[in-house]
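Engineer: Go ahead and model the full structure; you've got the sequences and the hints to work with.
The lines below spell out each chain.
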Amino acid sequence: MRIGIVCPYSFDVPGGVQNHVMDLAEALLGLGHEVSVLAPADEDAPLPPYVVSAGRAVPLPYNGSVARIAFGPVSTARVRRWITRGDFDVLHVHEPLTPSLSMLAVLCARGPVVATFHTAMTRSRVLSAAQGVLRIVLERITARIAVSALARKVQVEHMDGGAVEIPNGVTVAKFAGVAPLPDWPGECAPGAGGTLGFLGRFTEPRKGFPILRDAFVALAPRRPGLRLLVAGPGDADELYGRFPAELRDRVTFLGLVSEADKARMLRSAHLYVAPNTGGESFGMILTEALAAGTTVVASDLDAFRRVLDGGRAGRLFPTGDAVALGAALTELLDDEGQRAGLTAAGDQVVANFDWPVVARRVLEVYAAAIEATDGRVMDQEWAGLG
Amino acid sequence: MPGMWWVVGALLVLGLVSAYLTWTSGRVQRLQVRADSAARALDAHLLRRAAAAAVLAEQRYGVELYAAARIALDAAPEEREAAENDLTRQLRAVRLDPDDAACAAVIAASRRLALARQVHTDLVRDARSARSRPVVRLFRMGRGREWPRYFDIDDPTVVPRADVTTG
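Those protein sequences? They're chains A and B, same order as listed. Just so we're aligned, residue 65 is where the first sequence starts under this note's numbering, counting upward by one. Just so we're aligned, residue 192 is where the second sequence starts under this note's numbering, counting upward by one.
Just so you know, the hints here were simulated from the structure itself, not pulled from any lab data. Accuracy of the hints is not assured; some may be wrong.
Claimed, not checked - Only part of the chain A face toward chain B is listed, based on derived beta-carbon distances under 10 Å: (1) Ile200; (2) Arg425; (3) Val429; (4) Thr437; (5) Asp438.
Stated by the list, open to error - Between beta-carbon pairs, the in silico distance windows are: (6) B/Gln250 - A/Ala256: 57 to 65 Å; (7) B/Thr213 - A/Arg265: 49 to 57 Å; (8) A/Arg376 - B/Arg283: 16 to 24 Å; (9) B/Ala292 - A/Glu251: 46 to 54 Å; (10) B/Glu337 - A/Leu95: 38 to 46 Å; (11) B/Glu272 - A/Arg120: 30 to 38 Å; (12) A/Arg376 - B/Val326: 51 to 59 Å; (13) A/Asp411 - B/Arg283: 23 to 31 Å.
Claimed, not checked - Computed list of chain B residues with no C-beta within reach of chain A, every gap over 12 Å: (14) Ala201; (15) Glu269; (16) Arg271; (17) Asp290.
Beta carbons are placed, not taken as given, at the ideal position from N, Cα and C, and that holds for glycine.
Structural biologist: Okay, here's the thing in structure tokens:
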């Protein structure tokens with residue numbers, strides 16, 4: 065199949081949507097399809113061979129954050145040219161409701177269009193204000209994909225349309241079998257030792273770091289050798305300042321880590337803790353921890369419960385409850401068998417999130433969009449779905 | 192000459208209005224055509240699922256599933272939704288082993304049908320909402336074509352159960 069994918073945000077800046085687009089494109093290429101990705105990028109930026117630059121992106125405040133996007137007559141001309149030259153069987157745009165390349169591509173497109181919605185924009189004021197314009201964009205979309213149940217709910221409630229829920233993928237091979245950091249995770253025996261992992265912005269309340277801190281501070285004096293490994297953006301002094309002086313040498317802060325080090329960091333912990341208090345629309349980090357083969361302890365949020373298969377593939381604790389978290393941590397650190405059981409179930413769960421599997425589900429949506437455009441049903445073989 | 196400006200102004204407005212009407216009429220047509228295509232694709236996927244179910248019924252599971260598949264294949268338009276729902280219920284009641292070829296065909300056909308149904312419902316909704324707009328009704332832009340109909344069936348997705356052996 066000839067597939068054209070449009071990414072609204074510049075690859076110069078890392079981000080969830082950009083990573084998703086790159087992983088999807090590579091998975092589709094791996095399945096033998098022809099893929100071209102259009103994205104804003106500086107002229108001299110190093111790009112993967114399948115990415116076509118649509119020119120420089122300009123920073124623009126949108127929906128509470130700054131998005132680097134390309135929009136305007138020059139971008140429109142480039143989008144048109146790319147679509148004409150590409151002669152795609154299907155066009156796949158991401159986040160088409162922000163004023164971006166994706167929206168331009170939808171307006172220029174004639175054939176089947178598939179759209180993926182990433183964010184769960186609960187503030188719908190922007191949406192309802194521009195309802196007329198958005199109507200025209202939405203009408204040209206043939207099939208919609210939502211990456212989370214929350215994003216799907218927004219579709220149904222605010223844009224009266226359904227969407228197929230296909231989760232974010234994870235490249236399992238990038239996480240499984242990676243060597244942990246030197247000297248980690250160390251000993252873990254009943255009553256002593258063990259390493260807890262946390263990845264994310266520890267200053268952001270929604271990430272729930274204070275809950276993990278409270279549990280760690282209560283647990284560490286009773287459990288010799290218990291260590292905490294923290295990675296993510298933030299200031300080291302600020303992090304250590306949150307712990308009593310005698311415990312500081314048992315906390316290790318890695319700062320911001322690269323994708324490769326993220327995998328190593330996840331494998332350096334006995335337990336990965338996700339104490340989030342809300343706002344997590346999917347829980348990407350949990351699938352990554354599962355792919356790394358690390359046992360997960362997570363707050364009982366809807367999204368987390370879905371990823372962890374209701375608690376079969378990881379331990380859930382009542383959201384915000386540091387005491388319950390402490391009890392769960394003690395129990396799991398003491399019981400290697402239980403950890404192994406959860407990890408084994410995690411392997412099964414994460415197989416469904418592996419990119420080649422997720423990409424096949426996306427291909428089926430492409431097939432549905434193409435069929436709905438010309439009314440003929442295609443064979444499994446033709447669509448490469450087999 | 193103020194009179195001429197009136198004429199120019201009126202012509203300009205007329206031009207804009209007719210451009211808008213042409214564009215709207217094209218939009219309604221396009222949505223209608225797409226809803227019709229989606230209906231044809233949905234029909235094809237319904238037939239495929241019923242055929243896959245009939246093959247599975249012949250190999251095992253027997254009379255009841257076969258009858259449901261036959262009835263779905265032969266149903267008259269007004270009875271079709273009920274017949275398809277009945278087939279979905281029958282398929283959910285049997286054990287589907289994804290490693291068995293006939294079962295895998297039913298599972299795949301059901302998944303593709305679920306997508307076709309979702310896309311069809313969305314496109315019919317778009318087409319109907321465009322047709323029900325006042326300006327479209329006033330100029331009877333959709334005339335000559337029937338209103339696109341929803342095809343109201345339950346979600347046909349079946350859950351494969353690998354942990355049980357097929358009997």
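Engineer: Would you mind marking each hint as holding or not holding in the structure?
Structural biologist: Each hint, compared with the structure:
no.: 1; hint: Ile200; verdict: holds, 8 Å
no.: 2; hint: Arg425; verdict: holds, 9 Å
no.: 3; hint: Val429; verdict: holds, 6 Å
no.: 4; hint: Thr437; verdict: holds, 6 Å
no.: 5; hint: Asp438; verdict: holds, 6 Å
no.: 6; hint: B/Gln250 - A/Ala256: 57 to 65 Å; verdict: holds, 58 Å
no.: 7; hint: B/Thr213 - A/Arg265: 49 to 57 Å; verdict: holds, 53 Å
no.: 8; hint: A/Arg376 - B/Arg283: 16 to 24 Å; verdict: holds, 22 Å
no.: 9; hint: B/Ala292 - A/Glu251: 46 to 54 Å; verdict: holds, 50 Å
no.: 10; hint: B/Glu337 - A/Leu95: 38 to 46 Å; verdict: holds, 40 Å
no.: 11; hint: B/Glu272 - A/Arg120: 30 to 38 Å; verdict: violated, 53 Å
no.: 12; hint: A/Arg376 - B/Val326: 51 to 59 Å; verdict: holds, 55 Å
no.: 13; hint: A/Asp411 - B/Arg283: 23 to 31 Å; verdict: holds, 28 Å
no.: 14; hint: Ala201; verdict: holds, 26 Å
no.: 15; hint: Glu269; verdict: holds, 22 Å
no.: 16; hint: Arg271; verdict: holds, 17 Å
no.: 17; hint: Asp290; verdict: holds, 15 Å
Consistency note: the structure conflicts with earlier hint 11 alone.
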